[in-house]
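Peer 1: Here are the chains, one letter per residue:
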Amino acid sequence: MAGMISSPHTHLRNSVTTAMLNVCYALIPGIAAHVYFFGSGLLINMTITIATALLTEAAILKLRKRPIKASLMDGSALVTAILIALSLPSMVPWWVPFIGTAFAMVFAKHLYGGLGQNPFNPAMVGFAVLLIAFPQEMTRWMPPQFLDIYHPTFIETLRYSLTGLLPAGYQLDALTMATPLDTMKIQLGLGQSVEAIQGSQAVMGKLAGMGWEWINLMFLLGGLWLIIKRIIGWQIPVAMLAGLTIMSLISFLVAPDSYASPLFHLLSGATMLGAFFIATDPVTASTTPRGRLIYGFCIGILIYIIRTWGGYPDAIAFAVLLMNMAVPTIDYYTQPRVFGHDKK
Amino acid sequence: MTRKLWHFHGGLKLKGHKQISITDSVDNTPIPAQLILPLQQHIGTPTVPIVQVGDKVKKGQVIATTQSMVSTPIHAPTSGIISAIEDHPVPHPSGLLAPCIIIDTDGQDEWFEQRETHSQFHLLEPEELRKLIRDAGIVGLGGAGFPSHIKLQPGQSKQVETLILNGAECEPWISCDALLMQQRPRDIIDGLHIMRHAIHASKCLIGIEDNKPKAIQALQDALTEDEKQHTEIVTIPTIYPTGSEKQLIKVLTGQEIPSDKLPIDIGVICHNVGTAAAIADAVIRGIPLISRYVTVTGTATQQPHNLNALFGTPMNFLLQRCDVQLDKMARLLLGGPMMGFKINNLNTPIIKTTNCLLTLKQEDVDDKQSALPCIRCSECAHVCPAQLLPQQLYWWSKAKDFDKVQDYNVFDCIECGCCAYVCPSHIPLVQYYRAAKTEIWQQERDKQKSDHARQRHEFRQHRTELKKLEDEQRRLKKKALLKKTQDVNTDETKKSAIEEAVSRVQEKKQQQTIEAKNTENLTGAQRKQIDEADARREQLKQDEDPN
Chain A
1 MAGMISSPHT HLRNSVTTAM LNVCYALIPG IAAHVYFFGS GLLINMTITI ATALLTEAAI
61 LKLRKRPIKA SLMDGSALVT AILIALSLPS MVPWWVPFIG TAFAMVFAKH LYGGLGQNPF
121 NPAMVGFAVL LIAFPQEMTR WMPPQFLDIY HPTFIETLRY SLTGLLPAGY QLDALTMATP
181 LDTMKIQLGL GQSVEAIQGS QAVMGKLAGM GWEWINLMFL LGGLWLIIKR IIGWQIPVAM
241 LAGLTIMSLI SFLVAPDSYA SPLFHLLSGA TMLGAFFIAT DPVTASTTPR GRLIYGFCIG
301 ILIYIIRTWG GYPDAIAFAV LLMNMAVPTI DYYTQPRVFG HDKK
Chain B
1 MTRKLWHFHG GLKLKGHKQI SITDSVDNTP IPAQLILPLQ QHIGTPTVPI VQVGDKVKKG
61 QVIATTQSMV STPIHAPTSG IISAIEDHPV PHPSGLLAPC IIIDTDGQDE WFEQRETHSQ
121 FHLLEPEELR KLIRDAGIVG LGGAGFPSHI KLQPGQSKQV ETLILNGAEC EPWISCDALL
181 MQQRPRDIID GLHIMRHAIH ASKCLIGIED NKPKAIQALQ DALTEDEKQH TEIVTIPTIY
241 PTGSEKQLIK VLTGQEIPSD KLPIDIGVIC HNVGTAAAIA DAVIRGIPLI SRYVTVTGTA
301 TQQPHNLNAL FGTPMNFLLQ RCDVQLDKMA RLLLGGPMMG FKINNLNTPI IKTTNCLLTL
361 KQEDVDDKQS ALPCIRCSEC AHVCPAQLLP QQLYWWSKAK DFDKVQDYNV FDCIECGCCA
421 YVCPSHIPLV QYYRAAKTEI WQQERDKQKS DHARQRHEFR QHRTELKKLE DEQRRLKKKA
481 LLKKTQDVNT DETKKSAIEE AVSRVQEKKQ QQTIEAKNTE NLTGAQRKQI DEADARREQL
541 KQDEDPN
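Residue numbers (the numbering used here), protein chains in the order written: chain A, 1 to 344; chain B, 1 to 547.
What the hints contain is simulated information worked out from the structure, not anything from laboratory work.
Do not rely on the hints blindly, as some may be mistaken.
Calculated pairs, DSBU-like style, for lysine-lysine (alpha carbon to alpha carbon, straight line, at most 30 Å) [as the list claims (entries may be wrong)]:
| # | chain 1 | residue 1 | chain 2 | residue 2 |
| --- | --- | --- | --- | --- |
| 1 | B | Lys328 | B | Lys4 |
| 2 | B | Lys528 | B | Lys541 |
| 3 | A | Lys69 | B | Lys13 |
| 4 | B | Lys261 | A | Lys229 |
| 5 | A | Lys343 | B | Lys528 |
| 6 | B | Lys400 | A | Lys229 |
| 7 | A | Lys65 | B | Lys528 |
| 8 | A | Lys343 | B | Lys214 |
| 9 | B | Lys13 | B | Lys398 |
| 10 | B | Lys400 | B | Lys467 |
| 11 | B | Lys398 | B | Lys4 |
Listing some non-contacts, in silico: residues in chain A with all C-beta distances to chain B over 12 Å [claimed, not checked]:
| # | residue |
| --- | --- |
| 12 | Val16 |
| 13 | Ala33 |
| 14 | Asp74 |
| 15 | Gln117 |
| 16 | Ile132 |
| 17 | Phe134 |
| 18 | Tyr150 |
| 19 | Gly189 |
| 20 | Ser200 |
| 21 | Ile231 |
| 22 | Pro282 |
| 23 | Pro313 |
| 24 | Val327 |
| 25 | Tyr332 |
| 26 | Val338 |
| 27 | Phe339 |
Quick look at which bits of chain B chain A covers, simulated, 3 or more residues with Cβ under 8 Å [what the hints assert, rightly or not]:
| # | region |
| --- | --- |
| 28 | 58-71 |
| 29 | 116-124 |
| 30 | 252-261 |
| 31 | 308-315 |
| 32 | 336-350 |
Even glycine gets a Cβ: it sits at the ideal position worked out from N, Cα and C.
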């Protein structure tokens with residue numbers, strides 16, 4: 001097809017690269033909040049994931065005999081890398097981000113044919129593999145910087161990442177702490193009431209966990225900017241948040257002692273990151289307007305089900321991957337009515 | 001008066017670029033030394049020349065025509081001598097050559113004959129009007145070039161509720177309709193009412209995008225109080241592609257033309273404003289279609305404006321008149337940037353459907369050289385005015401799964417280009433759909449051909465078998481007959497057969513005794529002759545018969 005000239009002869013002059021870079025810009029407030037509350041480990045991990053993503057992609061493009069520069073420049077590998085870094089605890093050995101990213105790029109993206117061809121969200125595949133393969137490393141979250149616990153410095157975090165050496169005199173367990181979602185799950189399991197848990201544990205913060213509530217608000221801010229800039233559609237985030245809200249509201253109204261409030265669910269864990277940056281990945285999401293509402297809504301419901309009754313404290317990755325599977329079916333049944341055709 | 005308007009899905013808000021070519025007046029282009037007139041300037045049957053090389057022709061004289069209904073004649077745009085009838089580049093996306101009549105103009109601009117004028121068109125029968133319109137060579141001037149008289153023939157059973165004039169002109173850069181509406185509003189309204197008379201439409205709407213306030217005002221001013229009873233000028237939002245017939249009808253009436261139907265099936269007929277003015281010229285003044293307004297504009301044009309150009313004028317002639325920087329022009333388009341096509345030969349002529357020459361510099365052209373894979377963002381579906389799923393169409397077109405392409409309704413695509421315009425991966429989507437449509441048509445033709453061949457083959461087989469069967473039956477019959485003759489050779493049957501034969505012979509003999517007729521009133525001589533003959537016969541009989 002190249003070389004042939006066909007209408008239209010003009011273009012909006014948008015591009016995949018611009019869209020991907022805008023997604024990266026929109027992530028900055030959330031990343032900043034993350035670093036502010038949980039230290040610079042994220043930046044170390046992000047450096048590793050970005051380097052891994054670009055190198056792996058370049059290598060596999062070379063093996064596939066595809067143009068390397070154009071694909072590397074499209075920015076999609078960059079977004080995948082940042083999303084993987086954002087889903088890791090701040091203090092992990094270097095091979096954790098490396099393996100997760102390499103797996104995502106090779107298995108979840110290029111073995112399916114590269115950009116646009118993969119049915120599953122590569123970042124979430126990478127994360128899921130890490131969570132299943134290295135459950136210990138993946139669940140050791142740092143406490144927020146403002147709790148009265150020793151916080152490793154940047155150098156100490158970097159040294160741990162590269163060599164596995166901890167700051168002198170500390171065990172890893174002493175440096176990490178359960179996340180608010182985890183705490184909520186464990187404590188509810190022990191028979192505590194929601195109110196008691198939120199009142200007694202400093203990590204629970206004011207609304208939905210110290211630090212996490214702010215990080216979520218920052219991702220919400222970035223996400224709204226993406227909607228205004230028309231980089232992403234409103235349907236998936238709105239439907240996903242609605243699904244999560246409705247499920248949590250019903251449970252909360254029935255038994256407020258045993259089920260956390262909708263606000264807690266909306267502002268804890270990776271809810272906003274998931275709603276605006278993960279579930280909206282165009283390649284793996286539903287493509288029709290109605291389909292996107294169904295897709296987002298079902299992700300919201302699945303997140304609540306897995307968080308509340310499943311085996312993992314957070315559930316964005318599994319909810320998204322499960323719905324990725326349903327996309328072809330959803331798209332098939334939600335085709336819009338074509339102009340001049342009767343309603344089906 | 002505000003009128004309820006409807007929306008169609010998707011569409012684009014594009015930068016218009018129209019003002020730069022809307023000047024106060026139109027430039028009456030001088031007669032070029034040579035006019036090149038393609039024999040086909042419309043959709044339908046090509047015309048056949050009725051002049052010969054060396055003939056002198058006058059302005060308005062028919063030089064090519066055909067008996068076919070779906071066709072219109074072609075007139076000499078000025079006086080001159082036919083210098084050639086030969087293949088020449090014509091305005092077509094393929095860039096191929098086509099037969100043209102070439103006139104060397106004489107500069108006299110001498111009219112052919114006394115023109116037939118009808119200021120009182122109300123007195124004419126619709127059939128006469130349609131004939132006048134056909135004979136004047138009028139086709140849809142909006143771009144498609146379908147013979148107008150056919151669209152003015154709704155047929156007995158179909159009632160025309162609304163006659164719509166399309167003044168939307170939604171493609172960026174083009175302004176020839178806008179200027180025509182500003183310059184000749186009365187002619188447009190007259191033409192509209194001639195059409196209204198021809199099809200007995202109950203009401204008329206003129207739809208114009210709100211980026212042409214001067215045109216709207218001019219038409220409003222030209223409309224009389226009486227005419228306002230049945231004719232309304234409607235300002236519609238500027239959204240590409242409102243000028244597409246289906247979309248315009250939706251905006252104005254809220255009705256969607258069913259996928260496999262025509263506007264007339266929902267009681268609507270739609271014509272372009274330029275066509276209306278041409279009809280007024282033809283009926284009221286007796287001037288056939290020999291020229292039109294053409295916009296010459298674009299980033300490589302230093303003096304963008306509209307010209308009234310004779311058909312057959314080489315494009316180069318117009319480009320020079322508008323100071324086009326040919327060295328900086330990277331692409332010459334016929335039509336707008338969204339649906340126009342590239343012209344390679346600057347000597348290509350202006351024809352009935354040429355609305356705009358758009359000259360673009362390199363930096364204004366999207367080359368689509370570096371298409372990335374589709375990321376399924378669905379921006380294409382978001383802007384598609386036909387509510388299709390362009391990315392699915394692309395996927396199946398690329399896979400050459402033409403059944404699927406048709407399942408996703410590729411034939412409802414109007415090729416407006418919105419999808420490709422917004423595609424972040426810069427995929428030439430429309431090109432894929434055109435290729436798929438062409439391929440499907442080709443397959444249909446091949447299938448028809450092979451169906452035909454198969455039918456012939458099957459019929460031949462049938463015939464052969466039938467013949468075999470008949471031969472077999474004949475053989476059996478013969479065999480049976482032969483057996484019967486063999487059976488006859490027994491004594492019993494032999495005897496009776498001989499008897500039968502004898503009695504047959506005797507019967508025959510008796511029949512041979514003929515009664516004489518017409519023997520009354522004979523003369524004596526005749527009587528005598530007959531008696532002699534009878535005597536001779538008796539004698540013979542006695543000689544023959546031994547008994």
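Peer 1: Of all the hints numbered above, which does this structure not satisfy? Sort the numbers upward.
Peer 2: 1, 3, 4, 5, 6, 7, 8, 10, 11, 12, 14, 15, 21, 22, 24, 25, 26, 27, 28, 29 and 31
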